[in-house]
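Engineer: Let chain A serve as the given structure and place chains B and C on it in line with the hints.
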Amino acid sequence: MAEVVFPRLSENEPDAEGVLATWFVSDGDQVASGQLLGEVMVEKVSGEVLAPAAGQVHLLVGEDQTTRQGEVIARID
Amino acid sequence: MDDKTRLDLYRVMVLSRTFEEAILREYHADKKPAFDIGAGLVPGEMHLSAGQEPVAAGVCAHLRAADAVTATHRPHHVAIAHGVDLDKMAAEIFGREGGLGRGRGGHMHLFDPDVHFSCSGIIAEGLPPALGQAFAFSRGEDNRVAVAFTGEGAANQGAFHESLNLAALWKLPVVFVVEDNDWAISVPRDASTCIPSNADRAAAYGIPGQRIDDNDVEAIYTTAGDAVARARAGEGPTLLEIHTLRLWGHFEGDPQAYRPELADVPGQDPIPAYEQRLTQAGILDADAARAIKDEASARVEKAIAFAKSSPVPAPETALDYVFA
Amino acid sequence: MSATETTTAAEGAPAGQSGRKLTTARAMAEGIAQEMERDAGVVVLGEDIGNYGGIFGSTTGLLEKFGRDRVLDTPISETAFIGLGIGAAVEGMRPVVELMFVDFFGVAMDQIYNHMAKIHFESGGNVRVPMVLMTATGGGYSDAEQHSQCLWGTFAHLPGMKVVVPSNPADAKGLMISAIRDDNPVVYMFHKGIMGLPWMAKNPRSVAPVPEEPYETPIGKAAVARAGSDATVVTLSLSVHHALDVAEKMAAEHGVDLEVIDLRSLVPLDSDTILSSVARTGRLLVVDEDYQSFGLSGEIAARVAETDPGLLRAPLRRVAVPDVPIPYARSLERAVLPTPERIEAAVRDLCKA
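Chains as they are written, first to last, in my numbering: chain A, 839 to 915; chain B, 43 to 366; chain C, 1339 to 1691.
Okay, derived cross-link-like pairs now, DMTMM-like style, lysine to aspartate or glutamate, Cα gap no bigger than 25 angstroms in a straight line:
no.: 1; chain 1: A; residue 1: Lys882; chain 2: C; residue 2: Glu1385
no.: 2; chain 1: A; residue 1: Lys882; chain 2: C; residue 2: Asp1411
no.: 3; chain 1: A; residue 1: Lys882; chain 2: C; residue 2: Asp1481
no.: 4; chain 1: B; residue 1: Lys213; chain 2: C; residue 2: Asp1407
no.: 5; chain 1: B; residue 1: Lys350; chain 2: B; residue 2: Asp336
no.: 6; chain 1: C; residue 1: Lys1587; chain 2: A; residue 2: Glu901
no.: 7; chain 1: B; residue 1: Lys335; chain 2: B; residue 2: Glu260
no.: 8; chain 1: C; residue 1: Lys1587; chain 2: A; residue 2: Asp902
no.: 9; chain 1: B; residue 1: Lys213; chain 2: C; residue 2: Glu1402
no.: 10; chain 1: C; residue 1: Lys1690; chain 2: C; residue 2: Asp1583
no.: 11; chain 1: B; residue 1: Lys213; chain 2: C; residue 2: Asp1411
no.: 12; chain 1: C; residue 1: Lys1559; chain 2: C; residue 2: Glu1644
no.: 13; chain 1: B; residue 1: Lys213; chain 2: C; residue 2: Glu1385
no.: 14; chain 1: A; residue 1: Lys882; chain 2: C; residue 2: Asp1386
no.: 15; chain 1: B; residue 1: Lys74; chain 2: B; residue 2: Glu87
no.: 16; chain 1: B; residue 1: Lys335; chain 2: B; residue 2: Glu317
Partial selection, computed: residues in chain B whose CB lies under 8 angstroms from chain C:
no.: 17; residue: Arg144
no.: 18; residue: Leu173
no.: 19; residue: Gly200
no.: 20; residue: Ala201
no.: 21; residue: Asn207
These are calculated hints, taken from the structure and not from any lab test.
These numbers were taken from a predicted model, which means no experiment stands behind them.
No residue lacks a Cβ here, since even glycine has one placed at the ideal position from N, Cα and C.
The shape of chain A in the complex, shown without the other chains (with noise of 0.2 angstroms):
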């Protein structure tokens, strides 16, 4: 079991909040090693998610929906 954490864009602000913008997958997903799975916003900075392993995703946050640097908004197993 793999987490899916928010990336961390701000180095200023460890916790800073930001968005999931985007998810390319949908929950239950089977997803391949360093695909992307989700776009997320801090303040003006988008990033990327990629998947850090391959499995069955599981979506924990939705879209538009506010998050912290750092906090697990998906896992894969």
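Structural biologist: Below, chains B and C alone, put in the same frame as chain A:
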């Protein structure tokens, strides 16, 4: 400069002038008694290059067929000097199927892909595509160059400045040649341009700039040679401004009432002057000059005959060639 | 699968795709990348298309993949770099040039319509200009008069350039590949609102399945985004998303069955698909985010009228931007854009008779 080169320059200038004189004749022949721009076998605007031959001959002598040239609404001398197919060029000017553009383009829109020649009727807008040709060439191995010809009036257009900056920034193998014939139609350069020499504008873009003042084909040849060599060596663009002479009007039909020194103009014709210079140097004599002129006449009349015998495009084909 | 996905799959993208989704922006970039892999002559030029990945994401990832030799950030010199694209295309390359906002065409239109579009014709077919001019269009996020226009009617009006306008990620990739492979100049106009950008409100249809392999979506062929029998809605770009939303609502709440045609290309325009739909439904609504007068909606009306005005059982309707510059204030902008509310009102009006 060796004798052969000097004679070749003379030969090219004579061919060019002979062609322009033939076009002048054909253009006006059927527009009488009063000038009607849309009448006759060669309708439309006509911008002839008499007096400006030294620029074309001196610059294009350094070019290969694989080098690109973009020219203006006054393109014939440049086309001839760069080796554009004379028959097809004449047929295009006459708007015939056998023309370079199958009659679709006419005198201001001549394209000869065999020698990478093109021209456009929009002032200064031939510069950006020349950049693109140079860009493509710079990615190859055979040190090809692009030369963009334009007028002194064009040096105040945005495209001129954008093109110089981008060519300098990307060190493109392009040479910019400004033909300063004193007149942008009826507006003299001192009424349009804030500085006395466009060559000085080169400094603003960090590239070499050179002005040649006397329409002298040999000075043009030497300076252009340096600029083309720089480009081929990967050293980037050069701006040349050449003070030349527009012997006739801006366009055929131009009464030139605005031109106070008109009476003096024929006396400054560069071709008889060069002929005299070569004669004095012992390279040319009356017979040789005559032979060159006769050869030019024969070549030009053959082209005119080809043009006249080429079919007029069929109206049903008017929508062809919009897309490949 | 939604009607959109089925139809676009049938009309160019390989069928049966689900799973890997992309935004329209990433789909465009993937199309360009795959062509760059296939053909060394494909290069990308424009403002901020390198490091930034295009301000609307159209060139995301290209610089990292292909380097500065093939992905070139240009100075703010549209005439020079669009003209440079033309010259490179004449010499056999296949440049993809980005005009950052279509609204900026004014500073470079000569190179576009007098050179890029005309060289092939002027040369009697002897010279080709195989380039893509891609550009961002559209409003809805308060970017006001000079940064919100669509203007595809203007480009479609001038002969010599193809015009394509994708509405969704799968078509965006397929049309980009087709555009790059086409030997003609293609103006590729992408609405900012369909790009799926994380920093702009997006319709869910902006993120959708996109086949991973390269494929061509045909230029000149419209797609039936939703089959229906009561009325034909002809539209393009972001308005396809709104029309589909309205169609779902009208079907669920009022039993009205709309056919939505996604034009995808303006030049060539797929008259056959439009006319055969109108022949069946007898009712036509054109939804166009470009200015109303003297443009696309009038063109479609003319094609119907000159084929057979009897096809229409009711006067045609059009929802477009009225002839006004696009205002800044949100309340005013929403009043002039072809919103779902305006589309629904027009459908009710069209179908009541």
